[in-house]
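Student: Now for the letters of each chain:
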Amino acid sequence: MSSTDTPTDDSQTEDAAAPIDNARNDLVARLTAHLGDGLIESHVTPGDDLWVRVARDSWVEAAEFSRTDLGFAYFSFLSGIDWMPSPFGRDMDAQVDLQLEADETDEAGTDKDDANDTVESGVAGGDTRFQVFARVNDVVNGLGITFKVDVPTSDLSVASWVGIYPGADWHERECWEMFGITFTDHPGLRHLYLPGEFEGNPLRKDYPLLARRMKPWPGIVDVEQMPEQEPDGDMPAADSAEAGDNNEAGDNSGGDA
Amino acid sequence: MTAISDREKLSYIAAQAADARINLELETEGMTLNLGPQHPATHGTLRIIARLDGEQVISADPVMGYMHRGYEKLTEVRTYPQVTALVNRIDWVGSFANEVPFILAAEKLMDVEAPPRAQWIRTVLFELSRVANISLFLGDMALQLGATTPAFFAFRDREHVLNQIEAVTGGRFHPNFDRIGGLKDDLPAGWITETKRAMRKMRQFCNEMEQLVLGNEIFAARSRGIGIIPADIGLSYGLSGANIRASGVDWDTRRDNPCGLVHGELDWKVWTHPDGDSFARFWVRLQEVRESTKMIDQMLDGLPSGPIMAKVPRIIKVPAGEAYVETENPLGVMGYYVISKGELVPYRVKIRSASFSNISIAPWLLKGVYVPDIITILASLYFILGDIDR
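Residue numbers (the numbering used here), protein chains in the order written: chain A, 1 to 257; chain B, 258 to 647.
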């Protein structure tokens with residue numbers, strides 16, 4: 001979902017047909033009033049969820065305001081996103097999957113390859129390759145906000161939330177080692193999961209998954225033939241579809257449409 | 258009784274002074290105690306480096322990563338139906354509950370809803386995995402505090418629940434049974450009667466544990482007032498589930514945000530405890546097991562008929578978008594933030610596992626406690642290593 005086709009709340013209006021979520025719209029209004037230009041974009045799915053993208057300078061302020069004034073006392077998680085499509089493309093996919101995907105694409109008449117080359121960011125948008133996102137909850141009213149912040153590649157750092165939500169400590173350490181994003185003012189930014197001498201940031205899209213490169217993945221369906229079935233030289237997708245009938249996908253009676 | 262000579266008196270005083278000096282030296286020098294990586298209190302390989310001053314902990318630093326399997330990276334090269342086989346291994350004692358929020362997130366993105374019967378059976382299995390998981394905790398925490406019998410009771414009675422899970426899914430620990438749009442299979446014949454019998458046994462087990470453990474003086478002495486978590490601090494560390502309800506926070510996503518599961522249609526109660534100590538955490542979990550067995554009974558009585566699978570394409574491609582779904586898993590709130598780009602595989606999956614946040618309070622909580630209380634506190638926080646390391 002690109003940022004252009006998501007309805008934004010800048011105008012505080014919703015479609016007449018769409019249900020209006022007063023609680024979440026009110027939150028956006030209060031955040032906008034407090035942060036001013038620091039709130040870049042927001043997205044409400046009525047009755048469901050709320051995303052807010054803030055400027056890097058307002059990252060800590062947004063957390064502080066949410067915790068002290070808006071009552072979002074509960075810290076859920078913090079992590080990063082790498083929006084750059086993997087430079088390895090789909091070469092780590094099994095051949096049978098690529099075949100299936102090609103069939104699907106032909107039917108749908110869309111070209112997936114073009115979409116793969118550009119950086120597309122998700123709900124509430126984004127202008128940079130890396131984003132940090134975090135979620136906090138108001139446990140009294142059962143509301144949650146997902147905050148996002150753009151982190152420019154030239155300066156991969158963002159202020160730490162540890163001073164406001166102490167639970168962010170380990171999450172930021174994980175994000176630091178997995179994405180290489182530094183959190184300024186973090187009390188002890190050191191490895192959490194990985195050994196100290198580990199090189200690279202595994203969750204970046206350009207970090208190869210070596211296990212997959214060593215041993216090709218068999219694919220989406222069970223490629224082993226059932227004992228009574230003989231390979232009849234058909235397309236691999238059709239073959240494995242038959243074999244897969246006793247497997248998980250075989251229960252879907254819906255068909256391919 | 259013989260008289261004590263002056264010389265003996267002097268030597269006694271000297272010995273006392275030496276003892277005092279040794280204690281003094283220990284106090285000033287400090288000592289590092291290394292718990293783990295393989296410690297029975299840790300349910301896996303969690304290592305805790307505790308710096309001690311005498312018997313008191315100055316600082317405790319958990320070291321994890323011994324079991325890090327990189328699921329967030331691996332999900333990026335698995336198709337959506339394949340991901341459930343991976344996430345089963347996150348909390349391996351209540352596996353089915355791990356699959357549910359991921360499947361719900363995928364269904365939310367696809368705008369698919371499972372048929373009512375599938376939703377109900379899903380909730381039954383979800384609660385069964387809670388009973389299996391927490392009943393193990395009840396025995397295990399008592400074991401950590403020196404009582405062996407409850408652990409054997411727990412392993413014995415958990416088997417009734419595991420048998421029922423196995424009868425439906427074919428797997429005792431890793432069901433891999435949830436599907437996008439429904440479930441793999443319907444319930445086998447006679448399962449409902451058997452499950453009700455198992456639930457009666459589990460309620461009996463809860464009663465036994467109440468008598469054996471809660472009434473036990475040693476257990477109370479070692480857990481009451483130990484590891485008190487104030488509600489606001491617990492929330493800011495992201496504590497969830499029974500850990501935060503034992504601090505008096507009346508919050509349960511099953512009741513407050515029941516997305517995709519049928520808890521909202523059942524008659525049940527969220528248990529809280531005002532104390533926030535280790536005893537309260539045990540107490541709340543015990544009540545939750547009993548509540549779950551009652552929920553399962555209700556669901557089995559009201560099970561709707563109909564199909565167990567919605568119409569979904571055979572090759573599942575999830576439309577582009579982002580969704581976050583969290584459910585109240587046995588260990589606490591578990592959520593999946595799924596980002597899709599409309600392909601066969603997820604673009605990014607952030608796994609918010611409960612134990613990771615629950616145990617992140619340990620450095621704060623262990624500061625200033627005595628060495629035996631480390632075991633009590635870790636046991637009462639209840640974590641599964643797979644749920645921390647992912």
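Since the hints were made in silico from the structure, they are not lab data. Misleading hints may appear alongside valid ones.
Derived DSS-like pairs (lysine-lysine); straight-line CA-CA distance at most 30 Å [said to hold, decoys possible]:
{"id": "1", "chain 1": "B", "residue 1": "K453", "chain 2": "B", "residue 2": "K330"}
{"id": "2", "chain 1": "B", "residue 1": "K453", "chain 2": "B", "residue 2": "K574"}
{"id": "3", "chain 1": "B", "residue 1": "K598", "chain 2": "B", "residue 2": "K330"}
{"id": "4", "chain 1": "A", "residue 1": "K215", "chain 2": "B", "residue 2": "K551"}
{"id": "5", "chain 1": "A", "residue 1": "K215", "chain 2": "A", "residue 2": "K205"}
{"id": "6", "chain 1": "B", "residue 1": "K441", "chain 2": "B", "residue 2": "K624"}
{"id": "7", "chain 1": "A", "residue 1": "K205", "chain 2": "B", "residue 2": "K453"}
{"id": "8", "chain 1": "B", "residue 1": "K607", "chain 2": "B", "residue 2": "K574"}
{"id": "9", "chain 1": "B", "residue 1": "K574", "chain 2": "A", "residue 2": "K215"}
{"id": "10", "chain 1": "B", "residue 1": "K598", "chain 2": "B", "residue 2": "K624"}
{"id": "11", "chain 1": "B", "residue 1": "K441", "chain 2": "B", "residue 2": "K453"}
{"id": "12", "chain 1": "B", "residue 1": "K551", "chain 2": "A", "residue 2": "K205"}
{"id": "13", "chain 1": "B", "residue 1": "K526", "chain 2": "B", "residue 2": "K568"}
{"id": "14", "chain 1": "A", "residue 1": "K205", "chain 2": "B", "residue 2": "K330"}
{"id": "15", "chain 1": "B", "residue 1": "K453", "chain 2": "B", "residue 2": "K607"}
{"id": "16", "chain 1": "B", "residue 1": "K458", "chain 2": "B", "residue 2": "K441"}
{"id": "17", "chain 1": "B", "residue 1": "K551", "chain 2": "B", "residue 2": "K458"}
{"id": "18", "chain 1": "B", "residue 1": "K441", "chain 2": "B", "residue 2": "K266"}
{"id": "19", "chain 1": "B", "residue 1": "K526", "chain 2": "B", "residue 2": "K330"}
{"id": "20", "chain 1": "B", "residue 1": "K266", "chain 2": "A", "residue 2": "K215"}
{"id": "21", "chain 1": "B", "residue 1": "K574", "chain 2": "B", "residue 2": "K551"}
{"id": "22", "chain 1": "B", "residue 1": "K551", "chain 2": "B", "residue 2": "K441"}
{"id": "23", "chain 1": "B", "residue 1": "K624", "chain 2": "B", "residue 2": "K574"}
{"id": "24", "chain 1": "A", "residue 1": "K205", "chain 2": "B", "residue 2": "K568"}
{"id": "25", "chain 1": "B", "residue 1": "K458", "chain 2": "A", "residue 2": "K215"}
{"id": "26", "chain 1": "A", "residue 1": "K215", "chain 2": "B", "residue 2": "K568"}
{"id": "27", "chain 1": "B", "residue 1": "K330", "chain 2": "B", "residue 2": "K574"}
Student: Check the structure against each numbered hint from earlier and tell me which ones fail, lowest number first.
Tutor: 1, 2, 4, 6, 7, 10, 12, 13, 15, 18, 19, 20, 21, 23, 24, 25, 26
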